[in-house]
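Respectively, the protein sequence lines represent chains A and B.
Numbering-wise, the working numbering comes out as the position in the first sequence, counting from 1, plus 35.
Numbering-wise, the working numbering comes out as the position in the second sequence, counting from 1, plus 30.
It is worth saying that the hints were derived from the structure and are not from the lab.
No residue lacks a Cβ here, since even glycine has one placed at the ideal position from N, Cα and C.
Do not rely on the hints blindly, as some may be mistaken.
Which residues of chain B face chain A? A partial, calculated answer using Cβ under 8 Å [claimed, not checked]:
1. Y345
2. A348
3. F367
4. F462
5. D491
6. E493
7. G495
8. P497
Pairs of lysine-lysine, DSS-like flavour, derived with a Cα cap of 30 Å [what the hints assert, rightly or not]:
9. B:K350 <-> A:K457
10. B:K467 <-> A:K64
11. A:K457 <-> B:K414
What follows is a set of in silico ranges between Cβ atoms, one per label pair, in the way DEER data are often shown [stated by the list, open to error]:
12. B:D480 <-> A:M432: 42 to 50 Å
13. B:I272 <-> A:R252: 56 to 64 Å
14. B:V128 <-> A:A127: 50 to 58 Å
15. B:S259 <-> A:A137: 23 to 31 Å
16. A:A127 <-> B:P497: 31 to 39 Å
17. A:Q448 <-> B:K368: 30 to 38 Å
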Amino acid sequence: MIRKLMASAAIAAVAAFGASAQTYVLEGKKVWTGTDAGTIDNGVVVIRNGTIMAVGPSATTKPEGAEVISAEWVTPGLISAFSRTGIIEVDAEDSTNDAVAALSGFSASLDASDGFNPDDTAVDVSRLGGVTRVAVAPQPSTNLFAGQGFIADTTGSQETDIKPDAFTFITLGEGGAGLAGGSRPAAWAQLRAALDDARAYPTRYIAGGEGDVLSRRDAEALAPAARGRQLILIDARSATDLNAVMDLAESNRNLKFAILGADEGWRVADRLAKLKIPVIVYGFANLPVSFAQLAATQENAARLDEAGVQVAIVNLDDSTHMARLMTQIAGNAVANGMDWNDAMKALTVTPASIYGLSGYGILAPGAHADVVAWDGDPLEVTTNADAVFIDGEPQDMTSRQTELRDRYLSLEQTDRPYAYVKP
Amino acid sequence: MKRRNWVALAAGAIFLAACGGSGEGDGPAIKPFTPNEPFDPDPYPSTYSAYPNAPVLITNATILDGEGARIEDGSLLLQDGKVAAIGADLEVPEGATVIDAEGRWVTPGIIDNHSHLGAYPSPSVSAHQDGNEVSGPVTAEVWVEHGIWPQDPGFDRALAGGVTSLQVLPGSANLFGGRGITLKNVASRTVQGMKFPGAPYTLKMACGENPKRVYGYGNGGFPGGAPYSRMGNMAGYRAAWIKAAEYKRKWDKYSAEGGEMPSRDLELDTLAGVLAGEILVHMHCYRADEMAQIMDMSKEFGYKVTAFHHAVESYKIADKLADYGACSSMWADWWGFKMEAYDGIPENIPMVHNAGACAIVHSDSDIGIQRLNQEAAKAWADGKRVGIDVPIEEAWEWLSLNPAKSLGIDSRTGSLKPGKMADVVIWSGNPFSVYTKADQVFIDGALMYDRSDNSVRPVRDFELGQPGEGDMK
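Please work from the sequences and hints to get the whole structure.
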């Protein structure tokens with residue numbers, strides 16, 4: 036429900052300051068803040084100029100002229116900690132797939148943000164699912180080094196806020212072994228040599244010198260990560276592979292790591308916690324799909340969380356089109372023992388923390404106004420987003436999917452073909 | 031006069047009424063080969079029979095009977111493998127176990143009519159890719175049951191999600207992928223020990239992108255072979271049906287008049303079985319326009335498509351599907367991974383239901399099969415937001431009764447009607463909530479899964495001696 040407080044004043048404000056000056060009040064029967072304020076019953080969130088001005092109980096002062104939106108639940112916008120949204124339109128059509136580059140001569144320097152297209156239909160679908168930011172990585176193509184990942188909002192605008200070079204993405208485990216030439220020893224040899232190449236950049240490349248593994252451009256791109264100035268996200272699944280990554284972390288204390296997958300993470304949870312290595316898990320993984328996932332269980336997220344590991348939850352099964360299923364996956368993590376509040380953090384606070392996105396993933400005064408109004412518990416499968424705000428702006432809630440739906444919602448015969456039904 | 035069975039529909043069915051056998055060991059006697067028939071139509075018969083269990087009375091439950099009714103504070107009696115009674119107050123039979131299901135929900139077991147468990151099992155290693163005979167576009171001669179590994183841990187995960195029966199299908203590379211099989215979701219040393227006794231055989235066919243990609247663009251060359259286009263797909267089906275019709279004519283003539291026995295062809299056995307109405311066609315088809323072509327083709331050759339699978343555009347022609355009488359077997363929300371999935375929408379299932387057509391929630395996934403109730407719930411809620419308000423008790427038909435119909439087993443399972451197989455799930459709460467889990471799963475009245483009792487949770491051979499053995503998965 037949307038209503039105006041003193042509508043005339045609101046119009047005047049818009050006229051004076053432009054659209055961004057509009058003030059919005061979101062009322063939620065439950066407002067989950069992601070902060071020590073916890074969940075506020077009958078709470079209020081005030082947004083102005085792209086920023087959250089106030090979060091509090093129903094008595095919180097509501098500015099005159101504000102547009103008021105009432106919902107069952109209000110939460111921070113969700114942040115998908117790992118996705119391919121915006122770099123793939125249709126996976127099977129190479130011409131629309133900018134995630135993979137099997138014939139490229141480059142690797143670590145491939146910058147996924149060069150492939151981001153805000154017009155991709157999955158951007159709208161993700162936004163309608165309450166996802167306001169996505170961390171997007173390229174897919175490894177010719178070696179372990181997939182390239183540079185970025186963070187983008189899901190406005191779908193050509194002025195999308197993109198934070199490039201947010202992390203370097205590397206694949207180890209079975210996938211890395213295959214990419215590096217056929218074995219884990221080959222993968223580790225490549226990784227160690229590449230880190231040395233990157234650390235030696237630019238010195239060794241001056242005067243025409245070459246790296247052992249990386250070309251000059253790839254070494255340049257990996258250098259910040261190799262020197263501890265950029266996050267290294269590593270795909271690894273088994274306890275053994277995770278221990279190998281942690282060995283690397285222990286002998287390179289200056290490097291910053293996060294792990295994607297970690298299906299057997301619960302077996303090494305205490306060590307992950309001790310080394311403060313966050314994990315991004317696909318909570319549905321509970322099958323021995325490979326010999327690197329034998330002990331996969333849906334209780335992984337809960338057990339890691341319990342051990343004090345920072346856990347983000349994502350959908351790795353079509354992360355392009357279905358990043359939004361992170362809520363269902365987090366709900367299942369709760370059904371499998373995870374604390375509900377921590378499961379919510381796994382979709383908001385924790386991804387923001389992993390990528391150093393200060394002021395995102397929470398509802399607090401001064402935070403970025405990425406906010407979602409829901410028609411129920413956000414982790415429930417029967418819940419949908421009613422309204423989405425990104426940087427304080429209310430977002431369009433239509434997508435190609437809603438248009439198709441509305442065209443065919445009634446199949447009553449008309450006197451013209453369906454192509455004339457324009458929702 | 032000789033009579034020719036294309037498949038044995040009834041083999042084993044009679045024996046199901048017999049009370050608790052010992053399952054895979056001493057299964058029912060199979061229909062013997064008789065000299066009156068030229069060959070055995072059921073050479074790999076089911077050896078499954080219900081496992082023994084004392085009568086079970088479930089009380090105080092919210093019961094969805096699977097046929098549109100909801101009973102609050104209901105009771106359900108499972109006896110001799112069957113649903114014996116359903117109602118408000120039932121008497122406790124002697125020796126019965128009473129389960130107080132206060133606050134919990136009871137439904138028919140979920141039936142997934144699109145799975146590749148066992149054929150594409152876990153671990154998904156190269157040696158285990160047994161779900162697609164990619165060697166040619168028409169491989170109606172293969173039977174998926176010959177490629178199923180009964181030690182796939184995926185079956186156990188599906189059981190924990192309340193799945194009591196499933197259809198395993200060959201993959202969709204081929205125009206004709208081969209015969210599918212309906213299984214009871216019971217652990218067994220053999221596939222025969224899982225086969226749903228007396229379920230009709232099915233035939234997997236595929237439309238669209240997959241066959242033309244695999245064959246037309248395949249084999250590393252350009253062009254690969256036929257089919258290269260959707261035109262080639264249609265020509266490939268039609269050529270095969272023409273051969274099958276001729277084959278069937280020869281056998282029908284031989285059955286009626288005797289003479290020299292025609293030579294036998296495994297591929298045409300199956301296709302002729304379809305033309306005889308004994309084998310049910312399950313066809314992978316995404317696009318609305320393609321489904322319309324296929325419906326016409328089925329009329330051209332005199333058979334019927336039982337269910338279109340994936341059917342992401344069924345919402346565009348739900349009226350036509352209702353008129354024709356085909357089910358749509360659908361995901362809740364998959365879309366976009368290839369062009370023929372580009373128009374997928376989350377309201378597909380409720381929109382098909384709303385048009386009076388048969389809607390089914392399927393998985394095609396070893397992950398999705400574990401929570402088909404949630405998939406239905408998403409579709410149900412998305413329908414509600416656009417004014418398609420289906421009661422939960424009616425929506426449950428997407429999960430049990432409609433898939434049972436599509437597999438020709440609805441007179442025996444798929445709802446909690448007295449006399450039907452006691453395939454039953456007790457849920458910890460409303461099964462349309464993400465927080466709800468299957469507490470207990472009964473198959474033919476036998477408790478085969480209990481979330482709170484490690485001794486009633488199966489562990490397949492593959493997981494023995496491995497990390498995580500016997501863990502809560």
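| said: Just to be sure I understand the hint, the distance between the Cβ atoms of S259 of chain B and A137 of chain A should be within 23 to 31 Å; is that true here? | reply: 26 Å, holds
| field | Satisfaction of the hinted span 42 to 50 Å by the C-beta atoms belonging to D480 of chain B and M432 of chain A | value | 44 Å, holds
| field | Proposed interface contact between Y345 of chain B and chain A, which counts if any beta carbon pair is under 8 Å | value | 5 Å, holds
| query | For the hint on A348 of chain B, does the least C-beta distance to chain A fall short of 8 Å? | reply | Result: holds, 6 Å to nearest chain A Cβ.
| request: Tell me if F462 of chain B is really an interface residue toward chain A, meaning its C-beta lies closer than 8 Å to one of theirs. | output: Since chain A brings a Cβ to about 6 Å from F462 of chain B, closer than 8 Å, the hint holds.
| Given hint E493 of chain B near chain A, where the shortest CB pair must fall under 8 Å | 7 Å, holds
| task | Would you mind confirming whether the straight-line C-alpha gap from K350 of chain B to K457 of chain A stays at or under 30 Å? | result | 22 Å, holds
| Range hint compliance [Cβ, Q448 of chain A to K368 of chain B, 30 to 38 Å] | 31 Å, holds
| message | Just to be careful: measuring from the Cβ of G495 of chain B to every Cβ in chain A, is the smallest value less than 8 Å? | response | Result: violated, 10 Å to nearest chain A Cβ.
| request: May I ask you to test the hint 31 to 39 Å on the CB atoms belonging to A127 of chain A and P497 of chain B? | output: Hint holds: Cβ distance 35 Å, inside 31 to 39 Å.
| Are K467 of chain B and K64 of chain A close enough, with their CA atoms no more than 30 Å apart? | 27 Å, holds
| Distance restraint hint 56 to 64 Å, applied to the beta-carbon atoms of I272 of chain B and R252 of chain A | 60 Å, holds
When each numbered hint is compared with the structure, violations occur for hints 5 and 7.
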